[in-house]
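Given chain A, put chains B and C in place with the hints provided.
Chains as they are written, first to last, in our numbering: chain A, 1 to 397; chain B, 1 to 166; chain C, 1 to 324.
All clues stand as given, with none of them false.
If you want the footprint, here are the derived chain B segments under chain A, 3+ residues with CB under 8 Å:
hint, segment
1, 11 to 19
2, 31 to 44
3, 72 to 83
4, 97 to 107
For the chain C half of the interface with chain A, some residues (derived, Cβ under 8 Å), not all of them:
hint, residue
5, Arg-42
6, Glu-218
7, Glu-220
8, Phe-289
9, Arg-291
10, Gln-296
Below, in silico cross-link-like pairs of lysine-lysine (PhoX-like), each with a Cα-Cα straight-line distance of 25 Å or less:
hint, chain 1, residue 1, chain 2, residue 2
11, A, Lys-351, A, Lys-317
12, B, Lys-92, A, Lys-320
13, A, Lys-320, B, Lys-85
14, B, Lys-31, A, Lys-166
15, C, Lys-35, B, Lys-38
16, B, Lys-74, A, Lys-317
17, A, Lys-317, A, Lys-84
Hints were generated in silico from the structure; no laboratory data involved.
Beta carbons are placed, not taken as given, at the ideal position from N, Cα and C, and that holds for glycine.
Listed below, chain by chain, are the residues.
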Amino acid sequence: MTGFNFINPFGVSDEPGTYLGDFYTDNFEKKATAGNVILNLGPQHPSTHGVLRVLVELYGEYVLRAEPVLGYLHRMQEKMGEVKTPYQYLPNMGRVDYLNPIAWNWAFAGAVETLAGIEVPERAEYLRVIAAELNRVSSHLLWWGAFVMDLGGVTPILYAFEEREKLNDITQIVTGSRLTLNYFRFGGVGQDGDARFFKLIEEFIPYMRERLKMYTGLVTDNVIFRRRLEGVGPMDESLCLRYGATGPILRAAGVNYDTRLAIPYGVYDRLECPVPTGQPNDCFGRYMIRLLEIEASLTILERALASIPEGPTLVAKAPKPTYKLPAGEVYFAVEGARGQVGCHIVSDGGKTPYRVKLRAPGFSNLSLFAEAAQGTILADAIAILGSLDLVIPEVDR
Amino acid sequence: MIRAIWDNLKGLYSLLVGMKITLIFLFSPQKTVHYPRKTVERENLITYRGPLELTRGKTDPAVTRCISCQMCVKACPGHCLTVVKNPEKSVKAPIEWKYDFTLCCLCGACVETCPTSALAFSHRIYLVARTREELIFDLLADLKARVEETPVLPGEEGASAEAAQG
Amino acid sequence: MDLSLVTFAQILVAVLAIIGLMVANAVVMVYVERKAAGFIQRRPGPYEVGPWGTIQAICDSMKLLAKQIFVPANVDWVLFFLAPVLAFFPVLLLFLPIPFGPYLTGLAVPDGIVLILAFAGFGVLSNLFAGWASNNKYGLLGAARAVSQSVAYEIPLILALLAIIFQTGSLSLTEIVEAQGSYPWQWNILVQPLAFFIYLVSLVGETNRAPFDLPEAESELTAGFHTEYSGMGFALFFLSEYANMLLVSFVCATFFLGGYKGPFLDGIWWTFIKAYLIMFFIVWIRWTFPRVRFDQLLNINWKWLLPLGLINLWITAIIVKLLP
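Isolated chain A (complex conformation) (with noise of 0.2 Å):
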């Protein structure tokens, strides 16, 4: 055991070319100013949200530079995506973002669909819409918990959990799981709603909109968080726009863009979705966007429930496992809870498509750390990394 060096606490050599750390350490601490301190916050970070790492270059309490490194949690998903069939790759979609999986399953299966020219029956939509709508209230809950314990507050991710719970058993009924629903089939839906179904789905939207009453006075009006989210980690339209964020960043920023509507799928277009902007486009905007996109959703699903036919939930001739997909190319993308999925096909008729390219909003909307990030306080910037809601799986696939 050598004894403590006063000089040089944290044991980087002043040499240069000798660097202790890996080659992302190495390559960030040559731009660093000497007497700055180098942080890894990661890939095991209580704030990090699974094995996200970034560097940080810290004068004081200041973050300098921020840098994210991904690929801790690469999982070959869109290599799967050409090693199997169509059929046997779509459960794989639940894997991709396991908090909103629906809105995956949706983009892959629609892309499908799109290529193949295979229609979906009208209550198959309808209930796809009230599947994706009950994820994103359930992707947006965790997310709302997750960030509030990232600035501290560790009681309503629990409360959140509450809600959770409830959707997770409505989930349950038509999708049989509870975390990484495989929901959707190409031309349908797995199963139909049984009356137990919708009855917890009428009971749940007035008891939810109870709950975010709740919230408001414990979390949105209180004033410590308040005064740490007003005026942090602006995101104007430019930034969003060059780095391809999509999703409530993009509209904190004051872009109204919703692909339900700018590029309508299913029945979107029809149920007149309620898209709220006009927030600040802080990180107290990005917060407030996702809280009124809970209310949206409420109203979406009550208007779906309120407007859904009777018929088949499953095109007569559904694709099989074996099914080849014609030779083609399609984008197909989807409003998830974190902004647009899409997922891009390329096949050549043969067995399996030649290539799967998945669009994942969270990779889109890191990039924008780096930038948001610099000149902050280091629990600012926690806070920035805490509203651009990341989930690391989607965002490494």
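Just chains B and C, lined up with the frame of chain A:
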């Protein structure tokens, strides 16, 4: 200045509102389900789709409906099913039906493609195993054991209802 | 004060009793805190170990004792092991002048509050040593935060107490209690509500508890200054944190809530009831509020608590001078 003081007083009031909410929750009943003492209610349990099981035969419940067509084996994305045909061509029923739950993703491709509905999801939510080998199920033996335990299902259709209890 | 054999024996007994109190307090408070957190979050909290989980805290402390003490590379050995000890032992001294009952005081010094405030400064020193010596950047950031926070929050704390001292005209804790009556309307909290409020806020800041738990902010600095401590080192920090909470609660009860005086009968239980009510308040706000940011923490202190404390002190001084 006065405005700043007023804002701070309002802020203090908002803190009191939050404290009131947590105080109410402090004295309201808990939501936890203590697992070994309480379990999830049944109507919530039977919607869970757990590991696969073979359904009971139509004539003899202990004989599977499986005709060894290998459709499920082809459909499975995780390659977790092994169905061995009977060497005698006249008998369609398989001689071995192995199911590796460690590889299964519970997607349901096999259940949906089965032409004779010989497969179904069980509701065994409290499944526990100590070793990897315990999760490789022999479904033919499992079916036989279930039929021996309850020869006639109490009123409910589908072989999966009883597994919810066990 | 001549250190006769009787005084020495008295101090020895008091110190032993205080060690017992500290350990018992930590065990009880860990259980109460986890139960309260559980009930607030609508879950049962500790439940399985012992009846209603009552011996969970004892089992946890046994676990901490049995754990390996992990020492990271390149630590400063002396400071690394000195820090938890330094966090623990000054607290023993701090409890000596507290009047638990009418005659129950460890060491009835005439200026007890000076002793408490002077030795309370050791806590921040131990945090600084721990963060600096553990050769960890999170620890260093936590230590830096701990120092500036403690230095800042001691000032309004003292100002709030000074107002009471002006009013009573004594530095002895027993005399301050004796100056208050047995019933709530005779307590200092009604005479000095602003001082009580300032003390209550700076008490949370002084003990590094949420929402002012910046030195160990979990979501930012993983565990702050005690990131690298395990086993007994961590247990000592933990013990001293709860002991510090108890101490500031006792001081608060003594100064503002009438100490051992209470309706019907004066007695030791009034001290404990009042102190533990304040402890419960600390626990309650911890599980309700998010954490403040560091600049906000200092802003609250320097821009609001300090001017308010000074104004309060001036007004008290003028009134004391005018109405003798």
